[in-house]
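Participant: Full structure from sequences and hints, please.
In the order they appear, the protein sequences are chains A and B. Numbering-wise (our numbering), the first sequence opens with residue 1 and increments by one. Numbering-wise (our numbering), the second sequence opens with residue 1 and increments by one.
The hints are simulated quantities; they were obtained by calculation from the structure and are not laboratory data. All the pointers check out, no bait thrown in.
In silico BS3-like links for lysine-lysine, alpha-carbon gap of 25 Å or less:
no., chain 1, residue 1, chain 2, residue 2
1, A, K97, B, K100
2, A, K175, B, K100
3, B, K193, A, K175
4, A, K97, A, K30
5, A, K9, A, K84
6, B, K200, A, K84
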Amino acid sequence: MQHYSMNLKLKVWRQKNSHDQGHFENYDVKDISSEMSFLEMIDVLNERLIKEGHDSIAFDHDCREGICGMCSMVINGQPHGPWKGTTTCQLHMRAFKDGDVITIEPFRANAYPVIKDLMVSRSAFDRIIQAGGYVSVNTGNAVDGNAIPIEKDKADDAFAAAACIGCGACVAACKNASAMLFVSAKVSHLALLPQGEPERKQRVVSMIAQMDKEGFGSCTNTYACEAECPKEISVMNIARLNREYLQSSLSGS
Amino acid sequence: MNWTQLFSSSIGKKIVMALTGIFLVVFLVVHCYVNANVFFEHPEMNFNKAAHFMGTNFLVRLTEIGLFAGFLLHIFQGYKLELQNRSTRTSRYAVTAGNKTSKWYSRSMAILGTLILLFLIIHLAHFWVPSRITGLEEVTYDGQVYHNLYLEMQNVFAQPLSVAIYLLGCFSLSWHLLHGIQSASQTMGWTSKNYFPMIKKTGTIFSILIPFIFALMPLHFYFSWPTIKGAFTLLF
Numbered sequence: 001m002q003h004y005s006m007n008l009k010l011k012v013w014r015q016k017n018s019h020d021q022g023h024f025e026n027y028d029v030k031d032i033s034s035e036m037s038f039l040e041m042i043d044v045l046n047e048r049l050i051k052e053g054h055d056s057i058a059f060d061h062d063c064r065e066g067i068c069g070m071c072s073m074v075i076n077g078q079p080h081g082p083w084k085g086t087t088t089c090q091l092h093m094r095a096f097k098d099g100d101v102i103t104i105e106p107f108r109a110n111a112y113p114v115i116k117d118l119m120v121s122r123s124a125f126d127r128i129i130q131a132g133g134y135v136s137v138n139t140g141n142a143v144d145g146n147a148i149p150i151e152k153d154k155a156d157d158a159f160a161a162a163a164c165i166g167c168g169a170c171v172a173a174c175k176n177a178s179a180m181l182f183v184s185a186k187v188s189h190l191a192l193l194p195q196g197e198p199e200r201k202q203r204v205v206s207m208i209a210q211m212d213k214e215g216f217g218s219c220t221n222t223y224a225c226e227a228e229c230p231k232e233i234s235v236m237n238i239a240r241l242n243r244e245y246l247q248s249s250l251s252g253s
Numbered sequence: 001m002n003w004t005q006l007f008s009s010s011i012g013k014k015i016v017m018a019l020t021g022i023f024l025v026v027f028l029v030v031h032c033y034v035n036a037n038v039f040f041e042h043p044e045m046n047f048n049k050a051a052h053f054m055g056t057n058f059l060v061r062l063t064e065i066g067l068f069a070g071f072l073l074h075i076f077q078g079y080k081l082e083l084q085n086r087s088t089r090t091s092r093y094a095v096t097a098g099n100k101t102s103k104w105y106s107r108s109m110a111i112l113g114t115l116i117l118l119f120l121i122i123h124l125a126h127f128w129v130p131s132r133i134t135g136l137e138e139v140t141y142d143g144q145v146y147h148n149l150y151l152e153m154q155n156v157f158a159q160p161l162s163v164a165i166y167l168l169g170c171f172s173l174s175w176h177l178l179h180g181i182q183s184a185s186q187t188m189g190w191t192s193k194n195y196f197p198m199i200k201k202t203g204t205i206f207s208i209l210i211p212f213i214f215a216l217m218p219l220h221f222y223f224s225w226p227t228i229k230g231a232f233t234l235l236f
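Facilitator: The following block contains the structure:
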């Protein structure tokens, strides 16, 4: 595809801290290359803001390779922007054309308080993982993973669920700010593997209890989460989570 | 974990919605079957006899109590969940993805449900209240006295406003079911990647077919369509 440069109008959410009301500010950015990533475009704007003596726009990022789950932002109403199965850092400016108006907002959910501008605290996810999203390891040498036989189908499904990077786009996309896709991916990943079996029943109950405590909404199966997930985690994991939860509840765990 | 914890959890609340929803879907099938008598030969007698059976049989009456309980639970829990879910995002988005990532009717279950509730109140006032409480005209077949509910249908559906309200009710029901059936299956954990397309298709056919048959009833009376002659009758 032909390289081109563009001028854009940005409408960016600015918010000093979690107590601030927040507001949109308009910025004109010029000569943006179609080959830049979306975050590089904001880097260019931030350099200009710093040179002009203004406060730069705060946003989360780390690996910029689409695997760490740090970058966020809702771009024109879509978490991680318009490309399917792509994180914001992997979104490139060729997704836009000259003269476009781009509205950039933080992930909005009460469970995700804004730290500053486009940065939100996703610590609630860490606390859900701490509640049970792990396999307890006793002392001694680690067992060779390949020594444990696992059915191919289950290994594939577990791997697909484990691809969740915990970015929180599911919460941002959901009309109820529900964290069910994230929790279902983490529960599925471990429930499908023999290593996760010993803590299987308690895990799902504890993780759901923590999820509810954090103030996420409940799932109404609109499947906006699956459509927006940069790792394309399937909502079939949510069905599995519901099954796991019901089974654990009925067996009195 | 005990029952209280289960039903106060977010998944438990959804399970209540799914189970009551499935129960109400079963009721729709029975209701549709009984009412379909009006389309066939001897509609007045067959429909009135079927309605009499539904109104007097002990087991049916017992299930009716469950039906009211199911409706109330589905309505109250639905509103409670809607309010809870709305409270999870006090700062709204300036731009939303709209229909790009989800279907409008899947996001509008509370509004569709409210339309169905309004319809239900009018519907109960039209038929259930006269039949059970205030009384109806009577008719005699083979020496036995029956309520003439068929006449009541004729009277109600002679008014264009009633026909319009019933058509709107069927329309709301169709969209509500289109999301509701597959959503209930997902909440109960019955879906998997192999069965989900089939469940969705079955749900879609049901959501169109049943409200369509219901919608034909007010039209049948309003336009005085003839009955289907020689066909089987749906008797009890």
